[in-house]
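Make a model of the complete structure from these sequences and hints.
Chain order of the listed sequences is Y and A.
Its first residue numbered 52, the first sequence is counted upward by one per residue in my numbering.
Its first residue numbered 52, the second sequence is counted upward by one per residue in my numbering.
Please note: incorrect hints may appear among the correct ones.
Identical chains blur together in the list; that is why a pair holds if it fits in one copy or across any two.
DMTMM-like cross-link-like pairs, simulated, lysine to aspartate or glutamate; straight-line CA separation at most 25 Å [what the hints assert, rightly or not]: (1) K162 <-> D350; (2) K162 <-> D318; (3) K168 <-> D82; (4) K57 <-> E444.
I should point out that these hints are in silico values taken from the structure, not numbers from a laboratory.
Number of protein chains: 2
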Amino acid sequence: MAFVMKLEEYREQVHTELDRIVNFWVKYSHDTQHGGFFTCIGRDGKVYDELKYVWLQGRQVWMYCRLYRKVERFHKQEIFDAAKAGGEFLKQFARVPGSSSPWKCAFCLTKDGKPVKIQRTIFSECFYVMAMDELSRVTGDNDMQAEAEQMMDHIIHWVQVDPSGLGRTHLPGEMPSNSMAVPMMLLCLVQQLTDERGPRVVEKYREMGNWCVQKILQHVQRGGSAVLENISLEGGELPGCQGRLQTPGHTLEAGWFLLQYCTQHRDEALQSVAISKFIELSFQSGWDKKYGGLFYFLDVDGYCPTQLEWSMKLWWPHCEAMIAFLMAYSVTNNPTFLERFSQIHQYTFSHFSDAKNGEWFGYLTQEGKVALDFKGGPFKGFFHVPRCLFMCEQILDSLLEKKDS
Amino acid sequence: MAFVMKLEEYREQVHTELDRIVNFWVKYSHDTQHGGFFTCIGRDGKVYDELKYVWLQGRQVWMYCRLYRKVERFHKQEIFDAAKAGGEFLKQFARVPGSSSPWKCAFCLTKDGKPVKIQRTIFSECFYVMAMDELSRVTGDNDMQAEAEQMMDHIIHWVQVDPSGLGRTHLPGEMPSNSMAVPMMLLCLVQQLTDERGPRVVEKYREMGNWCVQKILQHVQRGGSAVLENISLEGGELPGCQGRLQTPGHTLEAGWFLLQYCTQHRDEALQSVAISKFIELSFQSGWDKKYGGLFYFLDVDGYCPTQLEWSMKLWWPHCEAMIAFLMAYSVTNNPTFLERFSQIHQYTFSHFSDAKNGEWFGYLTQEGKVALDFKGGPFKGFFHVPRCLFMCEQILDSLLEKKDS
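This is the structure we're talking about:
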């Protein structure tokens, strides 16, 4: 009984917090003149820079649509309209005219949609796919779904066949490497495109989903004792800092992506690896025993990472960890995972959430002090926090339903 | 008398520290197999990554040669040989075959010289010029001096005529801007190439030196109340974070570059601006009144910068500040500047210098705790610390000579 009350308390808390977060972004981020969203938003809601980052535009469209579709209290015209205006802004401006490929998206745009910066990676395009596919589910626009698929097919081409459309050149000293970010992102997109869709799409991306899982699993190294961010094309360890890099937040996120995949594909062996390696092991190595919280980067051999922010506590790894452990608990019923969730939840809510002005701070020092006090920036938008709260709310709802029945 | 003793004490201290720094790099950084230098060196001297960063290769060659030429106790075969091997490594490998311009240098090489990464900026090439010119002064190799000049002429072409050889493309939303780093770097190179050279070279770069000074001065904005890192091509303020960015370390470094220029060109009006705006004002706005030390980045309107490391205390701004205030004191005899030097010196020696293993830590938290414990990394090599100690030693020598006479 006390246990059910604890779950109810968590649900109440994430429910309330999600409302506050949505209110914050609805109030401060909409550009009613040009469409799309401002994401550089200060502590108290003031826009301090008007550049529009394409990752964050795509993510906000996706998140609004997901909330609109799945949570009754967000099924509101205001959310729908903002998502649609964001989608139109993306459709009109994200793709860069005259770049190396007609599908290449900018990384950053001016508020009226002129490209400012292009990255030679696939991520702007990936968030474009997420936005378009989710928006098509809300609007029922089949052309938009088709466009998401077309973009996806170009991304797969860049990743599996020929990256030259990204504008990259290979240098003789460059070590060809596999970063975990790529198969993780693609697995997320496969799940996005196929979820609740008909057999044509499911069939089309089945092989790709399997490929992503295999690529992610290759990052378990050193006889299963570590998950590494970058590995060689052959699946071995790379020399130097790049090869030794660990990113606990990424690994935890990959963990719950894999768990979702297992649930769809009923793969218990994979579920066990996802939990023991990607979730539990990452938590054990990534958690700061002295000050609490998850490190941003680590070196598997204990050298100091060269990233200046390695020891900072960022909001998003904590969001991923909360989802990962609650999901691990919900699929195993192992109370250890609920205890971990509780530990991370405790740190996260007490350190990141801003009781005064709403939303979460994103960047703390190792000791847990706010180091950067804005609520949104070039890499922090309306995404990790609401996704985490939304997913935790859904999982808690279903856990409580099970307890009732 | 007490005052002269203070200066002597400083001289003794920088002298001893310089010896320790040189010993550290001679002992741990030389790659005797391929030439060039390892720069990723841990707390206790261990190489933790073998990549060779071209900025740092060029800077170490330059610094060895400068010490060899100017400081009797470093006029040693070992220093000469290491500098020469570093210069040969650079000559052989820095320039990237088949890149957009035959003069484009890599940013990073494998230990045996294969290019790993190219930046679309001028800085690798600039440190190549510094290395080649200084090395030519030690070896008397006129071809090498000519090569430094040729490279310089390409850099000037990229900056003043056509940047396309750098591989950059201009995007419609990109705000054309002037970063203070560029004219600062070029002014440093003009001084490098012309110092103690004959009238041909001095004449050749006279106009360029003047152009750099004018470009640097444009960064004094807001009626003289702030120095900004990025401004528009017309010399006005840019919108957003980019426009509001301040980099106290850079500004202090520009300050002493300008002071050196004034000494050569006997320009008292410029000297006054260099000291009041670039040195004193930067110190006033950049110094952390709570914990001491200089911030890395600031926003002129008091917003939180988006750089995660904005509040960290880095070694190099403190090196630049020590040089700037000691030089300001030596040209004005104003005791305020010696007090500032003393204040920065006190913070710097007590926080950055590692009494146990030698060399300096590079990266502290805002509160002054070591955040990254390596002695060398992708951006920290044998340069800022020894240049600071060398220059302070020279200035203190000449101050003490004056007091004696």
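Outcome of the hint check:
no. : hint          : result
1   : K162 <-> D350 : between (39 Å within a copy, 21 Å between copies)
2   : K162 <-> D318 : neither (45 Å within a copy, 45 Å between copies)
3   : K168 <-> D82  : within (20 Å within a copy, 38 Å between copies)
4   : K57 <-> E444  : within (13 Å within a copy, 66 Å between copies)
Violation of the numbered hints given earlier is confined to hint 2; every other hint is satisfied by the structure.
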